[in-house]
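Please work from the sequences and hints to get the whole structure.
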Amino acid sequence: MVELFQHEFVRNAFLAGSVVAIISGMVGYFVVLRGQAFACEALSHIGFTGATAAALLGISALEGMFLFTMVAALGMGLLGKRLRNRDIEVGMILTFMLGLGVLFLSIVTHNATTAVNILFGSILSVTQNDVLVTIGAGLFTIILLVYLYRPLLFASFDPDVAETRGVPAQAISVVFLLLLAVCVSEAMKVVGVLLVFALLVVPAAAAEHLTHRPFSAMLLSIAISLVSTLGGLVLAFIGHWPASFYIVSLTSLFYFASLGIRTIYYPRRYREPSHPSREVFPDVPKII
Amino acid sequence: MFAVFQYPFIQNAFLAGSLVAIMAGILGYFLVARGLTFAGHALSSIGFAGAAGAVLLGVSPVYGLLVSTVGAAIAISVLGREIRERDVAIGVIMTFALGLGILFLSLYRGYAEQAYSILFGTIVGISRSDVLVTAGLSLGILVVLALVGRPLLFSSFDPVMAEARGLPVALLGSLFLILVALTVSIAMQVIGVLLVFALLVGPPATAIRLAHRPGPIMLLSISLGLVYTWLGILLAANSSWPVSFYITTLAFVVYLPVRLYSSRATGERNRPGGRHTTVFAPDLHDPAEEGKDTNPAQSFPMEEKYNG
Numbered sequence: 001m002v003e004l005f006q007h008e009f010v011r012n013a014f015l016a017g018s019v020v021a022i023i024s025g026m027v028g029y030f031v032v033l034r035g036q037a038f039a040c041e042a043l044s045h046i047g048f049t050g051a052t053a054a055a056l057l058g059i060s061a062l063e064g065m066f067l068f069t070m071v072a073a074l075g076m077g078l079l080g081k082r083l084r085n086r087d088i089e090v091g092m093i094l095t096f097m098l099g100l101g102v103l104f105l106s107i108v109t110h111n112a113t114t115a116v117n118i119l120f121g122s123i124l125s126v127t128q129n130d131v132l133v134t135i136g137a138g139l140f141t142i143i144l145l146v147y148l149y150r151p152l153l154f155a156s157f158d159p160d161v162a163e164t165r166g167v168p169a170q171a172i173s174v175v176f177l178l179l180l181a182v183c184v185s186e187a188m189k190v191v192g193v194l195l196v197f198a199l200l201v202v203p204a205a206a207a208e209h210l211t212h213r214p215f216s217a218m219l220l221s222i223a224i225s226l227v228s229t230l231g232g233l234v235l236a237f238i239g240h241w242p243a244s245f246y247i248v249s250l251t252s253l254f255y256f257a258s259l260g261i262r263t264i265y266y267p268r269r270y271r272e273p274s275h276p277s278r279e280v281f282p283d284v285p286k287i288i
Numbered sequence: 001m002f003a004v005f006q007y008p009f010i011q012n013a014f015l016a017g018s019l020v021a022i023m024a025g026i027l028g029y030f031l032v033a034r035g036l037t038f039a040g041h042a043l044s045s046i047g048f049a050g051a052a053g054a055v056l057l058g059v060s061p062v063y064g065l066l067v068s069t070v071g072a073a074i075a076i077s078v079l080g081r082e083i084r085e086r087d088v089a090i091g092v093i094m095t096f097a098l099g100l101g102i103l104f105l106s107l108y109r110g111y112a113e114q115a116y117s118i119l120f121g122t123i124v125g126i127s128r129s130d131v132l133v134t135a136g137l138s139l140g141i142l143v144v145l146a147l148v149g150r151p152l153l154f155s156s157f158d159p160v161m162a163e164a165r166g167l168p169v170a171l172l173g174s175l176f177l178i179l180v181a182l183t184v185s186i187a188m189q190v191i192g193v194l195l196v197f198a199l200l201v202g203p204p205a206t207a208i209r210l211a212h213r214p215g216p217i218m219l220l221s222i223s224l225g226l227v228y229t230w231l232g233i234l235l236a237a238n239s240s241w242p243v244s245f246y247i248t249t250l251a252f253v254v255y256l257p258v259r260l261y262s263s264r265a266t267g268e269r270n271r272p273g274g275r276h277t278t279v280f281a282p283d284l285h286d287p288a289e290e291g292k293d294t295n296p297a298q299s300f301p302m303e304e305k306y307n308g
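Same order as they appear, the protein sequences are chains C and Y. So the first sequence is numbered by the working numbering: it starts at 1 and just counts up by one. So the second sequence is numbered by the working numbering: it starts at 1 and just counts up by one.
Please keep in mind that the hints were generated in silico from the structure rather than gathered at the bench. Computed from a predicted structure; not experimentally measured. Think of the CB as a built atom: it goes at the ideal place given N, C-alpha and C, for glycine as much as any other residue. The reader is advised that the hints may include incorrect statements.
[Claimed, not checked] Heads up, incomplete: computed chain Y residues facing chain C, CB under 10 Å, no partners named: (1) T37; (2) A89; (3) I93; (4) M94; (5) L105; (6) L195; (7) G202; (8) S240; (9) F245; (10) A251.
[Claimed, not checked] Just a sample of chain C residues kept apart from chain Y, beta carbon distances all over 10 Å, derived: (11) R11; (12) L15; (13) G58; (14) L148; (15) F154; (16) D158; (17) D160; (18) V174; (19) V201; (20) R213.
Printed below as a string of structure tokens:
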């Protein structure tokens with residue numbers, strides 16, 4: 001295992017994976033708190049179009065994803081609350097973007113491996129340059145989140161009261177969506193477009209089951225996503241199965257374990273009703 | 001342009017595509033009416049794992065899809081009432097299924113091409129036996145729908161009233177999810193797992209804005225689906241661009257003006273009511289009567305009164 005680190009691609013994979021895991025854990029906590037899992041899913045699908053358009057234009061995939069997801073995040077932030085209860089509209093745009101991505105891909109190349117790498121991640125093909133970009137964007141995200149921590153937390157828990165206390169909730173919402181766009185683009189490199197949910201939402205949702213204190217929940221979410229990512233990479237080097245499969249399995253395991261722990265230690269009758277802003281998919285109606 | 005019909009694979013694609021468009025048009029209407037579009041998306045993603053598993057075992061992907069989507073439909077309808085955070089749980093299972101799918105495919109040689117065709121569909125890969133399976137399943141879905149269509153419609157629009165009239169609402173819900181699972185399985189061959197949404201939700205979402213009664217809406221949504229599929233296959237056969245791109249683009253290009261026009265025509269007054277009141281229920285509220293309510297109990301919508 002240790003001698004593997006002599007290879008540059010292994011070092012790159014572990015470096016990029018750790019940075020992505022840390023910022024996904026941080027940003028993901030706020031995603032769950034603000035009920036924006038659907039926005040996260042939307043941004044990742046738009047990122048697919050970005051990555052394929054980048055191949056068409058001859059720029060790097062990461063740059064294409066940054067460009068597309070940030071423009072989309074800006075649009076979503078400006079539409080704001082009007083985006084709620086619009087899952088048909090959002091779904092139509094998502095499918096259209098995926099279809100467009102397929103078109104770009106078929107123009108550039110008839111090689112299906114490119115598509116699979118974008119959709120399911122290609123952590124082993126991360127270059128030195130990608131690592132530098134990831135570390136830079138990661139540091140930027142962490143600094144901005146530390147700076148915004150208190151007002152963002154306030155605006156996430158109770159946007160109306162925050163607004164009356166002079167917190168610019170709308171501006172914070174737009175900035176947060178931009179941060180989410182950066183984070184989604186980075187996470188796509190590790191687990192791929194289709195599995196971004198596993199790194200951004202699942203660890204935070206698991207952490208929320210175990211503690212309600214914001215700071216400890218965020219630390220726990222970072223820990224879960226870091227353990228899953230690094231564990232997934234180690235297993236991938238030992239077991240020769242795809243890294244994204246291991247990462248997704250580990251985070252799912254954490255999620256269902258936390259669900260079990262909560263059910264055992266916090267029986268239903270002691271639980272307070274959840275805050276409406278804590279619903280992860282507020283857009284989805286509750287009838288099945 | 002029409003010379004492509006000599007090729008058997010184009011004929012197969014046309015036959016299978018037409019059947020899929022008809023099924024998706026009918027079931028998509030119920031799906032949109034019940035607000036279950038996310039469950040449709042989840043079912044198709046879970047189908048990816050089944051299709052990949054079938055490829056690994058060397059059987060036709062349709063069988064893997066059938067097993068995994070029907071199993072998932074049953075699991076969702078059983079767990080749906082147990083788990084409080086149902087949507088997160090579905091999301092976690094969905095991503096895990098996608099991860100499992102990529103594992104199965106990576107164990108298979110030449111996996112990228114297989115993954116690509118499962119995810120985005122391929123018109124060249126449909127055999128005559130696939131068409132027969134599709135036709136058999138479509139017939140089965142139609143028979144079941146003919147039997148439960150009316151109670152299903154009733155329970156989709158007014159579950160509380162339907163329950164009060166003695167209809168097995170929960171059972172109907174599970175049966176409906178299984179029908180959606182079957183439709184997703186046959187749709188995947190033409191348009192792929194990721195873009196089933198375009199055929200399942202696109203035509204009905206457009207149709208409910210143009211017609212107002214269930215019969216015409218379903219007919220319109222079937223026709224739209226057929227037009228998208230036929231045009232998509234025809235255009236794809238005559239160019240080098242993929243069929244799924246054409247179908248999603250057609251669905252989006254037709255939906256967009258209809259959506260913008262109808263929201264302008266119905267105006268702002270329907271806005272805050274949410275999806276169900278704006279689109280499906282007849283608007284019983286007369287703006288001229290604003291403020292004249294004498295009985296406060298009547299000013300609450302049905303659902304809020306019962307759910308509270």
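Legend entry - Restraint satisfaction for I93 (chain Y) [CB to CB of chain C, less than 10 Å]: holds, 8 Å
Inset, instruction - Grab the minimum beta-carbon distance between R213 (chain C) and chain Y and tell me whether it stays above 10 Å. - result: Its Cβ never comes within 10 Å of chain Y, the nearest being 19 Å, so this holds.
Legend entry - Interface hint for L105 (chain Y), Cβ within 10 Å of any Cβ on chain C: OK, holds: L105 (chain Y) within 10 Å of chain C, min 8 Å.
Inset, instruction - Would you check whether T37 (chain Y) satisfies its interface hint, that is, whether its CB is within less than 10 Å of any CB in chain C? - result: holds, 6 Å
Inset, instruction - Against chain Y, does F154 (chain C) hold up as non-interface, every C-beta pair farther apart than 10 Å? - result: Non-interface label stands for F154 (chain C): nearest chain Y Cβ at 24 Å, farther than 10 Å.
Legend entry - Satisfaction of the S240 (chain Y) interface hint, Cβ to chain C closer than 10 Å: holds, 7 Å
Inset, instruction - Closer than 10 Å between Cβ atoms is the bar; does L195 (chain Y) clear it against chain C? Give me holds or violated. - result: Interface hint status for L195 (chain Y): holds (6 Å vs cutoff 10 Å).
Legend entry - Minimum Cβ-Cβ distance from D160 (chain C) to chain Y exceeds 10 Å: holds, 17 Å
Inset, instruction - Hold the hint about F245 (chain Y) up to the distance rule: shortest CB distance to chain C must be less than 10 Å. - result: Nearest chain C Cβ about 4 Å off; hint holds.
Legend entry - Non-interface claim for R11 (chain C), where every Cβ of chain Y lies beyond 10 Å: holds, 23 Å
Legend entry - Beyond 10 Å from every chain Y Cβ - status for V174 (chain C): Holds, because the least Cβ-Cβ distance between V174 (chain C) and chain Y comes to about 22 Å, which exceeds 10 Å.
Inset, instruction - For the hint on G202 (chain Y), just tell me whether its beta-carbon gets within less than 10 Å of chain C. - result: Since the shortest Cβ distance to chain C is 6 Å, the answer is holds.
Checked against the numbered hints given earlier, the structure breaks only hint 19 and satisfies all the rest.
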